[in-house]
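Visitor: Same order as they appear, the protein sequences are chains A and B. Take any residue in the first sequence, count from 1 to its spot, add 1133: that is its number in this note's numbering. Take any residue in the second sequence, count from 1 to its spot, add 21: that is its number in this note's numbering.
No wet-lab data here; the hints were simulated from the structure. Predicted, not measured: the structure shown is a model, and the values here were computed from it. Please note that the accuracy of each hint is not assured.
No farther apart than 25 Å at their CA atoms in a straight line, the calculated lysine-lysine pairs in the BS3-like style are these [what the hints assert, rightly or not]:
| hint | chain 1 | residue 1 | chain 2 | residue 2 |
| --- | --- | --- | --- | --- |
| 1 | A | K1745 | B | K299 |
| 2 | B | K299 | A | K1244 |
| 3 | A | K1519 | A | K1391 |
| 4 | B | K204 | A | K1227 |
| 5 | B | K278 | B | K336 |
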Amino acid sequence: MTTLNKNSITKFACMLLITLGASSSQLAAQDLNQLEQLAIQAAVERVAPSLVQIETLGGLEKVGEQLVASGTCTGTVVTADGYILSSAFNFAQKPTSILVTLPSGKRTTAKIIARDQSRMLVLLKVNSDEQLTVPDFIEREKLQVGQWTIALGKTFSPDTANVSVGVLSAVNRVWGKAVQTDAKISPNNYGGPLVDIHGRVLGILVPLSPQAKGELAGSDWYDSGIGFAVPIDGLLARFEKMKEGTDLMPGLLGINLKGADIVSDPAEIGAVSYNSPAQKAGIEVGDVIIKMNGNSIVRQAQLKHTLGPLYSGEVVKISVRREKKTIELEVELTDKLVPFVHPFIGILPMRDASASGVVIRYVYPDSPAANAKIVAGDLITKLGEKQIANSSELRSLLATHDPEKSVQLTIQRGEESLQIELQTSTLPETISEDLPAAFANDAAELAEKPQTGELEIKLQEEANKSFAWVPEGYNPSRPAGVILWHAAPGALEKEVTKKALIKLWKEPCEKNNLILLVVGSANDSGWSRTEADVVRKCLDQLSNSYSIDPIRTVATGKKSGGSMSYLVAFKHREVIGAVAAIEAPVPRGTTPPDADPLNRLLFFTAYEDKGKDATKFAGIDKSLRAMKYSVTHVDSTKEKESEDNSDKHEYKQLIRWIDSLDRI
Amino acid sequence: MIQTIKNNRLSKRILASLVFAIALLLTHSSQTALAESSLSSLIKEVQPKIVKIYGAGGLKGLESYQSGFLISAQGHVLTAWSYVLDSSVITVVTDDGRRFIAEIQGADPRLEIAILKIEAEDLTHFNLDDSVALSPSERVLAFSNLFSIATGNEPSSVLHGYVSAVTELKAKRSAYRTTYKGKVYIVDAIVNNPGATGGALTNQQGQLAGVLGKELRSSINNIWLNYSIPISEMRDSIEDILAERSINRRADEEMDKPSQPITLPKLGIVLLPDILNKTPPYVDRVIAGSTAEKSNIQPNDLIIFVGSMLVSSQKELREELSYIDQDDLVQIMVLRGDELVDVTLNEAE
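Modelling step: build the complete structure from the supplied sequences, incorporating the hints.
Guide: Written as structure tokens, this is what we have:
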């Protein structure tokens, strides 16, 4: 037993002695609860003078699908001369004016001075000379899971704080950026402080999400018992910079890791972004990061934890293992990486199983390959000095090739061996006319024929309906592409929708070795973000029994199904190669991830160029292109009304586009 | 009986503990036992006062059950006025599992409460005279049959939490679509669940403080609100219903509006054209000789408050003015550049 415990027990004993006068055990116990409540109230009173009510005026009415308040929210005083921290959530609607009611009751205007884009905080300065009360802060090192935490806001009244009580659930969450509490955290207290039983501030309450980015990320967890507060001890050192108006940005290294399982795979570099801090420091593909800032790194998750809380401009010490040597490096993190551009040499590979190189199926006119006189039927065997076994190896080797240097290819044409040098260009956005067949040889004979036709995909724990349609000619030796169709909400209730979908996709599936996988929403009223994981499960289930090709797996759908396709592809890039969104926007509040050398994504959009939402859709195409993605757009303006989607121009184009997803 | 035995055993343990405490050898377990026993015995005292109510509903999203609690030994049940009571047969199941057909004694739709009557005697009940008012960060217990989890003689469910705030729903006039706009306790436990409506909110001594409200979400930010209506707000109504007097209903909010309200033209303020759904109320010009001119309202002023109400659009400004009589003073606050300026309009000559 520790001294601390003895102390508290002594107090308790004294209390018992006092209450013994009333000779009632009930009363004694009641007093313990009373004391607890008094302690909580004292803590609230202690920090209350450092809370301000913020009112925002004007700005957007909606951010994403979410309504946002033009109304009241909370801020926490951090300096006596009028600096206040709040949550970026409260300003997502970009208000035109910000008013702050000071603890004295005086109302004043305030301005946003700087933002912390890593922890989603906002620094405000009020337009007043009044001296403000700075609360006491407690360092993160002193926190213990299980201790009392009290979350405060000033949403309901400028005079009294609103309170929620809970315990500290974790001290190191969202990649080291936050502490976690089970007190109820919501827009009612975002921007307010989380305090301990002595009224000392642990951190500022904000919504956060380990995966999603943006001001609203994590707010769907409001009042759930999972709430976050950002400790500001790490922030104080950068406070002067923020006061000058400099935003704090998350620190980026510019690497991609090999493997997808962050809790088991080592931090082996899969790709180094061009012109990134990692590249400048000499980090190479194949290096394994084993230490960062003194923390040993065995698994990728540890790297994320160490890197997560760092800001741009910070210098990190990294140890990498390269073959048998350990190399020590120092890298200064950046806030922005040059977007990765996928290289293109201008060919489509044959899809026959191969181990000795890539046979060319088609050469794009005017492409680097065409200009270098490469022709269909050529066999690419080497890139530089490296032997190439198959098309996916060629694709990933090219992706990590320095884009400023030319590419040396060794090509086998009949008996002849040729050395060809070419400069890569960028992925084309036009759709090629009729392409030659993708297979030269007959598929291997099968001892046992796999199940084809319509099959139900069942997820025991989910309400979503799902089915697949596998073409007659499917052969496990030939990985099939997948048309991952996100059905309109409620549509799968009707047998006729199912039939229409099969009818629409049957022919392309048979012709181009594709499997149709249809997933419906759990709820008839619409898709929800979290269902991206359900869709993934359906895809995983299909890939358990069928051999599928991720680069030719296209997430697609119309309207809300199309928007869902974006979400699924952004979240599960390692199993999806393309998105085809028909009359569908990227859901607002969702930021597309940066282009990734190892997990390529291609985009196809179809909408009416003169339709009412054309400007919105075109804006999305534009922002994806600005991120250096290849976006193929087709105008879907109807020439004639038709019940049957299959004659529609945009579907014909889409089917052609899908057959060229494996271009290199 | 069981209760007594337990208490005896407990007292013994506490006595024993005390001896150790003096010797500074007290163990943790006795503390724990104490804190627990006080709450659990108290909960056992409160639970017999809670009833389960079954009536109309059962369609999608509308449950056919709610909660209520006894306020007299003769079977008066206080509950929420809702569609569940809109049924020819209302069944009340008491804590001991007995089923009764209840009559509606009366209701006050403005407060969204109703009193039911069942034919029974000697029932354990809350004494309304012992009810208490709560303040923020007080610990509370919420008793209800949420999600209709309990049936027959199963006791009701208990949730614990803290009073988050004491506020008025009308503080955000358009935010909540309820008839009741008065004072509420906002609670940090998730108490407003299907079926919890009409349940009891008590302090940690088990004293009655409020009736659990309906499921309600803010139309401004879509956040679910967990609230309870204070007993103090409804004492008059309850007494009127129990005495079978007709309820002296205060006029609803629409009726609060004066017949001749103040308007922007009367003040002499011309705003920028109202073209958006939420056009901010910027002053375009001020009519010469008007009260606005006398009070030095200037073009480009942004009107942000009328009295204590934040107005973020021209629509909200007009709505707020409609509550003020044309002869009364109008207190507004404008944003002029970076300065906040208080202005009084409509002063008598």
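Visitor: A separate judgement is required for each hint: does it hold in the structure or not?
Guide: Now the hints, each set against the structure:
1. K1745/A to K299/B: Cα-Cα ~22 Å, so holds.
2. K299/B to K1244/A: Roughly 22 Å separates the two Cα atoms, so the pair holds.
3. K1519/A to K1391/A: Answer holds: K1519/A to K1391/A is near 19 Å, not above 25 Å.
4. K204/B to K1227/A: violated (32 Å)
5. K278/B to K336/B: holds (16 Å)
Going down the numbered hints, you'll see the structure goes against just number 4.
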